[in-house]
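Enquirer: One letter stands for each residue in the lines below.
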Amino acid sequence: MKRILILIVLLLPAWTVSAQGDLQVGAVFDGKVVPQKAMKETFIRSSQLNPYNLEQYHSVSFTGDDQVLAEVSRRVLSDAGKATDQEIHMDSGKLVYAILTFESANHDNRFVCYQCVSKAGSYAITLVYMHGPATLDDLKKLFRTKTK
Amino acid sequence: MDLADRWFDALLTGGEERELKSFLATTEDPDFDEIKAVAGFFAAGKVIATSRATAGADSPRRTLHWTAALVVAASLALIAAIGLYHRQNDCYILAYGQKSTDPNLVLDDMTATLEGIFGEGEDVGDELFDLFNPAL
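Each protein sequence line maps, in turn, to chains L and S.
With the first letter of the first sequence counted as 1, position 143 gets the number 527 in the working numbering; the numbers rise by one all the way through.
With the first letter of the second sequence counted as 1, position 42 gets the number 48 in the working numbering; the numbers rise by one all the way through.
Derived by calculation from the structure, the hints in this document are not laboratory data.
Glycine included, every Cβ here is placed at the ideal spot set by N, Cα and C.
Treat each hint with caution, since some may be false.
Said to hold, decoys possible - Label-pair ranges, simulated between beta-carbon atoms: (1) Glu471(L) / Ala86(S): 54 to 60 Å; (2) Ala75(S) / Lys503(L): 56 to 62 Å; (3) Leu76(S) / Ser462(L): 46 to 52 Å.
Unchecked claim - In silico DSS-like pairs for lysine-lysine, Cα to Cα no more than 30 Å straight-line: (4) Lys466(L) / Lys424(L); (5) Lys416(L) / Lys52(S); (6) Lys105(S) / Lys421(L); (7) Lys466(L) / Lys524(L); (8) Lys42(S) / Lys503(L).
What the hints assert, rightly or not - Pulled from the structure, derived: some chain L residues nowhere near chain S, Cβ distances all over 10 Å: (9) Met423; (10) Ser445; (11) Asp450; (12) Ala467; (13) Gln470; (14) Ser476; (15) Arg494; (16) Ser506.
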């Protein structure tokens, strides 16, 4: 009985760890940079994502000052170093847009998208994490088509 | 030999029986082979009966342990199944402390966000495309 309990205790952290936990931006999703009550979080993990060829979608958006922007940017750029593909746009030394792709051999690609819009001294930041068999081209085609 | 005959007739006292057993354990006299064999048979039978009784006394406890282990395992499996279902079928918007699980609302939010992100990417791409393909 003791062995079973020890096994459960050992397995619990593995069960609760988030999908983006190995990325630097994972802390932002976990509310460690901006409190969760101060941001909008959207999470989808269901068959509704099947048309998009995705398994999970997770986004957070919030408003922050220079310090928040610097912290989030630092984390995105740190993850960019591990990405297999990246699109990064800087404006006046500030990170304004990034799409990071982490391709996987088993067709479980991961994406981190970052967008920052300057708003009268503060910044509206959106951070997205997705994973699934979809490629970046698939997603671009899908969501560009919808805007037209 | 008198003790042996009385032992077969079950007429010995406890002390006499112990005395007889002590004697049988040391004598090499073939006249006592028969009683030694019978006494050995009873001794072996007593050991077997005692071990069975001990095992029988433990079995309800073991059964209880197995039942408890099965109940715990079944409960964990149920919790894991519910957790897995929720992990695989979760859909919500948590906006500034307010939670909504309306699938349409959540999906609309995702679409708007991704259109905003890939729409911006499209502008850059289109600009580059126009730059390198002015005739088109």
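Enquirer: Taking the hints in turn, state whether each one holds.
Expert: Do the hints match the structure? See the list:
For Glu471(L) paired with Ala86(S), a C-beta distance near 39 Å fails the hint of 54 to 60 Å. About 59 Å separates the C-beta atoms of Ala75(S) and Lys503(L), a value consistent with the hinted range of 56 to 62 Å. For the pair Leu76(S) and Ser462(L), the supplied restraint of 46 to 52 Å holds, since their beta-carbon distance comes to about 48 Å. With a C-alpha separation of about 27 Å, the suggested pairing of Lys466(L) with Lys424(L) holds against the 30 Å cut-off.
With a C-alpha separation of about 71 Å, the suggested pair Lys416(L) and Lys52(S) falls outside the 30 Å cut-off, and the hint is violated. About 11 Å separates the Cα atoms of Lys105(S) and Lys421(L), which keeps this hinted pair within 30 Å; it holds. Between Lys466(L) and Lys524(L), the direct Cα distance comes to roughly 21 Å. Compliance with the 30 Å bound is thereby established for this hinted pair. For the proposed pair Lys42(S) and Lys503(L), the alpha carbon gap of about 106 Å is over 30 Å, so the pair is violated.
A beta-carbon of chain S comes within 10 Å of the beta-carbon of Met423(L); the shortest separation is about 7 Å. Distance check for Ser445(L) against chain S: the nearest CB is about 7 Å away, which does not clear 10 Å, and the non-interface claim fails. Interface exclusion of Asp450(L) from chain S stands, the closest Cβ pair being 22 Å apart, more than 10 Å. Every CB of chain S lies more than 10 Å from the CB of Ala467(L), the least distance being 15 Å, so the non-interface label holds.
With a least beta-carbon separation of about 12 Å from chain S, Gln470(L) lies farther than 10 Å from that chain, consistent with its non-interface assignment. No Cβ of chain S comes within 10 Å of the Cβ of Ser476(L); the nearest lies about 17 Å off, and the non-interface call holds. Annotated as non-interface, Arg494(L) keeps its C-beta farther than 10 Å from every C-beta of chain S; the closest such distance is 15 Å. No Cβ of chain S comes within 10 Å of the Cβ of Ser506(L); the nearest lies about 16 Å off, and the non-interface call holds.
Of the numbered hints stated above, those contradicted by the structure are hints 1, 5, 8, 9, 10, listed in ascending order.
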